[in-house]
Amino acid sequence: MTNDELELSRQLTSLVRSLPGVHDVYTTGGLVAAATMAVTNLFDDEARVAVEGGRVSASIAVAAGFSAPDTLRATSAAIAAHLATAGRTDEIAVTASRIE
Amino acid sequence: MTDPDTLDGHTIEELSDYLDAGREPRDESIENSPGCQIALESLARLRASTWAVLEAEAQATPADDAWLGRVMAGIAREAHAGRDIPIAAPDERVTLAVTEGSVRGLVRAAGDGVGGALVGSCTLLGDVTVAGEPVDVQVTVSVAFGENLREVAQQIRERIAATLALHTELEVRDIHVTVSDVHPVAKPAGGGV
Amino acid sequence: MDQALSEASDAVLAARISDGDDRAFEVLARRHSPLMRAYAARLLGSTVESDDVVQEAFVLAWQKMGDVADGGSVKSWLMRIVTNKAIDRIRVRKQHVDIDDWDAPTPADRSPDHVVEVAMQLDALSSALNRLPELQRQCWIMKEVGGSSYHDMADALELPVSTVRGQLARARQSLVTEMEAWR
Numbered sequence: 001m002t003n004d005e006l007e008l009s010r011q012l013t014s015l016v017r018s019l020p021g022v023h024d025v026y027t028t029g030g031l032v033a034a035a036t037m038a039v040t041n042l043f044d045d046e047a048r049v050a051v052e053g054g055r056v057s058a059s060i061a062v063a064a065g066f067s068a069p070d071t072l073r074a075t076s077a078a079i080a081a082h083l084a085t086a087g088r089t090d091e092i093a094v095t096a097s098r099i100e
Numbered sequence: 101m102t103d104p105d106t107l108d109g110h111t112i113e114e115l116s117d118y119l120d121a122g123r124e125p126r127d128e129s130i131e132n133s134p135g136c137q138i139a140l141e142s143l144a145r146l147r148a149s150t151w152a153v154l155e156a157e158a159q160a161t162p163a164d165d166a167w168l169g170r171v172m173a174g175i176a177r178e179a180h181a182g183r184d185i186p187i188a189a190p191d192e193r194v195t196l197a198v199t200e201g202s203v204r205g206l207v208r209a210a211g212d213g214v215g216g217a218l219v220g221s222c223t224l225l226g227d228v229t230v231a232g233e234p235v236d237v238q239v240t241v242s243v244a245f246g247e248n249l250r251e252v253a254q255q256i257r258e259r260i261a262a263t264l265a266l267h268t269e270l271e272v273r274d275i276h277v278t279v280s281d282v283h284p285v286a287k288p289a290g291g292g293v
Numbered sequence: 294m295d296q297a298l299s300e301a302s303d304a305v306l307a308a309r310i311s312d313g314d315d316r317a318f319e320v321l322a323r324r325h326s327p328l329m330r331a332y333a334a335r336l337l338g339s340t341v342e343s344d345d346v347v348q349e350a351f352v353l354a355w356q357k358m359g360d361v362a363d364g365g366s367v368k369s370w371l372m373r374i375v376t377n378k379a380i381d382r383i384r385v386r387k388q389h390v391d392i393d394d395w396d397a398p399t400p401a402d403r404s405p406d407h408v409v410e411v412a413m414q415l416d417a418l419s420s421a422l423n424r425l426p427e428l429q430r431q432c433w434i435m436k437e438v439g440g441s442s443y444h445d446m447a448d449a450l451e452l453p454v455s456t457v458r459g460q461l462a463r464a465r466q467s468l469v470t471e472m473e474a475w476r
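Chains as they are written, first to last, in my numbering: chain A, 1 to 100; chain B, 101 to 293; chain C, 294 to 476.
It is worth saying that the hints were derived from the structure and are not from the lab. Since the model is a prediction, treat every value here as computed from it, not as a measurement. Beta carbons are placed, not taken as given, at the ideal position from N, Cα and C, and that holds for glycine.
If you want the footprint, here are the derived chain C segments under chain B, 3+ residues with CB under 8 Å:
no., stretch
1, 322-330
2, 334-348
3, 351-361
4, 430-442
5, 462-468
Model the full assembly from the supplied sequences, consistent with the hints where possible.
Okay, structure coming up:
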């Protein structure tokens, strides 16, 4: 990730974390992607949303009491809105890997 | 003039190998020899005692939460994520999904505790990656002793259907709940701590 | 429900772990790690290294739990993984040691001294195990507790089968003598 992408990742991670239906945000994409992200942002626990190759990917845990589909849609909407303010039109992928 | 290193013609090592083989195939010359029988008992006791030393040590050692914490931090949770199950997205730029692993977690949460049950395995049959494709759910559960198995299975089936309807867009056809085991009722936990 | 999970059979835990339940995995680790660590400590003689070995074993077990055919045999499956990981460490050590020095007593800094002893008879056997030369103890524990065959041990330790048999015979001799003294 470039520095701009890293900064965007931090912003998106913080944004997604603050959503009411989101319990937690994980590093995405499985072992290879996680290893790549780990190398580029070694101790950066705050940049978990992947920003790479025109695509933003987020892996979330849905909070107890919230519906997964609603939360996924709310998350993608929040990400899209933030990207728009930055003048970006990346593809967006949000996956719930845990539903409390 | 018997060889002092043998018991009725058998060395200790032969007897040890015989014991390892579960005393099969049966050797009459060993089985009929009091000396050999005593030696076999001694060897078996030595093996059991070796185990006992380790088990006693293990039981007497306090739980090491710091060590366990390191183990838990070291496991790759995405290893069992399974397939991505699609959720309808607002436009084609967006892809939404719940993982198969998260759905199995929902099924466990739905089944656990119903009549003291504990869900074992959960399998989603069918192509869950294609929206609208019919899917069957297969679940095994261990039920608490004394419960009405049919009622418990039915209740679990209903709870699974409800949670899948709430959190997924799966076209669930059948939910098979198989009682694989019966376990004793857990004793009530000791007074509030 | 957590209490029910902590009392669940190994088979139920194994099924849930294969499906990704990390709480079930923690229960399994709590249940079996004490024995695994005591076993590894006897093989490797040092609790720091043995703790690492068992940690690696459990991390692998999380990945491979789906391979366990019979949920009831999870304990012996874990034991085998720990054995293999310990053997890897033993092999690395042997590169630095004169491998003909099989009868040397255990070096003091590798003596398994963190033993909590319970019964007098077990005390005596426990001490006898500690006093065995290292290779004898490793072979004994691997065979009697780990369930390894002569062939597996010889392969793993890169020794002739006759050497493994010889080590076991000597260990057996010492331990039987010790145990019989308590009858």
